[in-house]
Amino acid sequence: MISARHALLVAIVALAGCNNSGQTNPLLNVAAGFVPALGAIPGVAEAPAASPGFSPDQIAANPDNYILIQGQVLGDPVLARRIAQNGLQETWLAQNGFSAVYRDGIMVATRGLGEDLIAATPSGIRAALRAGGGTGQRVHDYIGDQNEIIQIAFECTITGGEIESVNLGLREESARKYAEICRSQRLQFENAYWIDASGEILTSLQFVSQASVYVRRSEL
Amino acid sequence: MSVLANRLLTSVSLVACISASASSAQDQGVTYTFFGTPGLLEMPSAVAPAEGEIAATFSGYGPYQRNAFTFQVTQRLSATFRYGSTEDYALPGFTATPGFDYYDRSFDLRYRLLDEGDWAPSVAIGLQDFLGTGQYGGEYIVATKTFGDAIRATVGLGWGRLASEGGFTNPLGLIDASLETRPTLDFGQGGQVEADQFFRGDAALFGGVEWAATDALTFKAEYSSDGHVRESELGLIDPASPLNFGVTYTPRPGIYLTAAYLHGSELGLGGTITFNPNDRPIDGGFDSPPVPVVVRDANARAAQSWDRNVLSEQTLRGQLSAAMAREGLTLTAVELTDRTARVRFTNTRYRTEAQALGRAARIMSDILPPSIETFTLEPMARGIAVSAATMRRTDIERYETVAGGTSMMQERVVLSDAGTSAGLQYVEPDQTFFWGISPFAQLTVFNGDNPVSADYGLNLSASYEIQPNLVLSGSVRKSFVRDRELGDISPSTLPAVRREGQRYDIEGDGGIRTLQLSHFGRPGANLYSRVTVGYLEPAFGGISTELLYSPVNTAWAVGGELNYVAQRDFDLGFGFQDYDVLTGHASVYYDFDNGFHGQVDVGRYLAGDWGATVTIDREFDNGWRLGGYFTITDVDPEEFGEGSFDKGLRITVPLDYFVGSPSTQEFSNTLTSLTRDGGARLNVDGRLYETVRDAQANELADGWGRFWR
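Chains as they are written, first to last, in this note's numbering: chain A, 7 to 226; chain B, 162 to 870.
If we strip away everything but chain A, and leave its shape as in the complex, we get (with noise of 0.2 Å):
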């Protein structure tokens, strides 16, 4: 009894509309990943150019402020630079939107990847990798449905393997890599980090959520 025109133009009036405000419809946004020449309606905002901080001048000038960073529902890794440090707390926000922050190398918070890590509080982990392998906790926060916290305790195993090769990009180095397996009663993620004879954190992949998966990090 409702036909499909009546229904295909009430979808349309729910899609448009322009206004003063600076506010965009988000429902222009969703469309114009769909049909790109929507990107020129006023108000849909049009992917910049270049991220500001992201010029090679820039990178040049404090390449230790930049890390290659991939999302793995995002796609490929792109360049991330550090825009926040609290003592061994780094937030570093991507060139593609997303952010990630670990603190002294375990990430504990991503945003900007749809099911995030809220929060996250790793116990034992940093001293099981120093120390080659041993156990530890993990706590993370999400966020449900309903907007309430989901909180998800893991046991986790860390246990050291071979020295293997790793291309960061711009060099290639040694690392050991050690794989952390973590538990919880519903679910299971394995992490990798590739740790150098230093025991700096050269490369890793950590969990973030069952939707958002993985983040790689990597030191350039």
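If you're looking for bench data, these hints aren't it; they were derived computationally from the structure. Careful: at least some of the hints might be erroneous.
Claimed, not checked - Where chain A lies over chain B, by a calculated footprint (3+ residues, C-beta under 8 Å): (1) 312-325; (2) 452-460; (3) 564-573; (4) 801-815; (5) 857-866.
Keep in mind that this is a model prediction, so the values were computed, not measured. Backbone N, C-alpha and C define an ideal beta-carbon position, used for all residues, glycine too.
Position chain B relative to chain A; hints supplied.
Below, chain B alone, put in the same frame as chain A:
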């Protein structure tokens, strides 16, 4: 590098679900009937989907077409709204007109009395089409048992239409002999609960079996106790058998396609789409990363003051304003001391005020001098400060990325009424004039033989903020496509305050729909006020005043509204008709802890009638709302007209639920019975309770999980 990265990702990625969440057999494999209710083909069963599930069913067979929406209100209670047509049909006592399709709304309620156990079946009791002219009117009690993973059996006892095949003397007659007789239905103007029919008259058994042959195919066979008596009398259907056979195909979870051979004479097709507001399609959302919290070192934290010659308050206000604007927060005022900061801002981006508070707190930690230890954030709405959330900067620094940090912050934030304006330094607004053009679609449903019609056009709106809480606004609308014409206006002895509403759309097309001056205020502690003057809605103009008492930390609020309005000319110019009325209500609001919200309004309505409106909503913390209301006034059903009294269903759908990006936008609609004059309220923009509640304790708590988002 990408090759290496991909190799690493694929070689090491391992995420395994060790066990699935448990759910009882009675909640699994729920499919829907041609009536849109959980069950077999025509007959209901006692199974129920997960709490919150919404099922839209479209079906047809023989003379019937039905559209139904079923909402699983709680784990046990479900409600179904149905709008259907029957070709060439007329109710008993009326004469059918060939070529005339009978359209009718119907409403069901069902309650699961017992859950299924290892041996015991689940048991449900239900009322079908109990609130109307009763074409489908019937009652039932039904039991369903699932055997293993694939077989489910149902047996039930029906009354009314559900006892029109194979009926026998009502066993309830053993309790009261009067139950053996079902009185003739006198539905009057319709729309009323026909309680004198319930479980009376003959009863009949019904039942059936479902066999889930595969995950995608469920075969069904049932014995239907619906004899389609009236339809048979009219020659619309010729049931040769009470047996129905069908199959439901589930191509993917949430989509059910059913084909059936019914009553030995009819081929039926139906489709059901389900979704559940409890299940967010985009977990967490794609909100942009927030500003990281800046942690002060011990020396900085020990500072007791800051040098305003080095960093002026004006500079800080500018930095705060710019940073907050990037987060969709409009800064209005700031108060800074050596150790404290207070900011007033309006959230224009985030569904939950808790997330806006978190974003603002992060920015303040990033910008404000280290000596400032206490932050007080005052979220605003309509230019007035609603509440004050006071937090320690040390806590913000400590709990940003710590598991449990969200609840730690919730425990430590002190929520109170907003402070006074004393001490605040105001920020010059970037923008005071706003405009927008948007297309509109106005659907008109349930309108006789044209059940769905619509106008399409453009809506132009503009507003000018004289002060943040004093706004001049207006809107005009022009339709370009209209597939309805001015219909007959139903006769009534009541003033035509709503009956002639379509004349405003048609004769007033292109006219001024609203033009008003609104003032919002804080006359005292926990008090909020509104005064709106002008052309308040298409049909009425005048003055509307409102006062709300709503303590920040309570689940309840009370308010009063008093309006003096006159009916506008149909051309939506500046003129008025002769009718004017003093109307208003006293209102009580209560936010129950279990996801339900209630509101009662008592007072005088637009037609001068006195009465009360009761509204109940199921509110989901992610912004979905489904509810209903009814209004009883001193207008008797005959005077009110078709439907007997005003009632309706309403739904609010948050945009961010579907797109994942943060947004405060939502789509709301109210599905009412025919628009009549009794129980009609003024439509005025900016009613206070909905304006302020998002920044008060209950709503903040509901969204607090997004504080650090």
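Checked hints:
For the region 312-325 of chain B, the stated coverage by chain A is violated: 0 residues have a C-beta nearer than 8 Å to a C-beta of that chain, whereas at least 3 were required. Coverage of the region 452-460 of chain B by chain A holds [criterion: at least 3 residues with CB-CB distance below 8 Å; count 4]. Judged by the Cβ-Cβ criterion of 8 Å, the region 564-573 of chain B is covered by chain A as claimed, because 5 of its residues qualify and three suffice. Here the region 801-815 of chain B counts 0 residues with a CB under 8 Å from a CB of chain A, which misses the bar of 3, and the coverage is violated.
Coverage of a stretch by a chain is defined here by at least three residues with a beta carbon nearer than 8 Å to that chain's beta carbons; for the region 857-866 of chain B and chain A the count is 4, and the condition holds.
Taken one by one, the earlier hints fail for this structure at numbers 1, 4, listed in ascending order.
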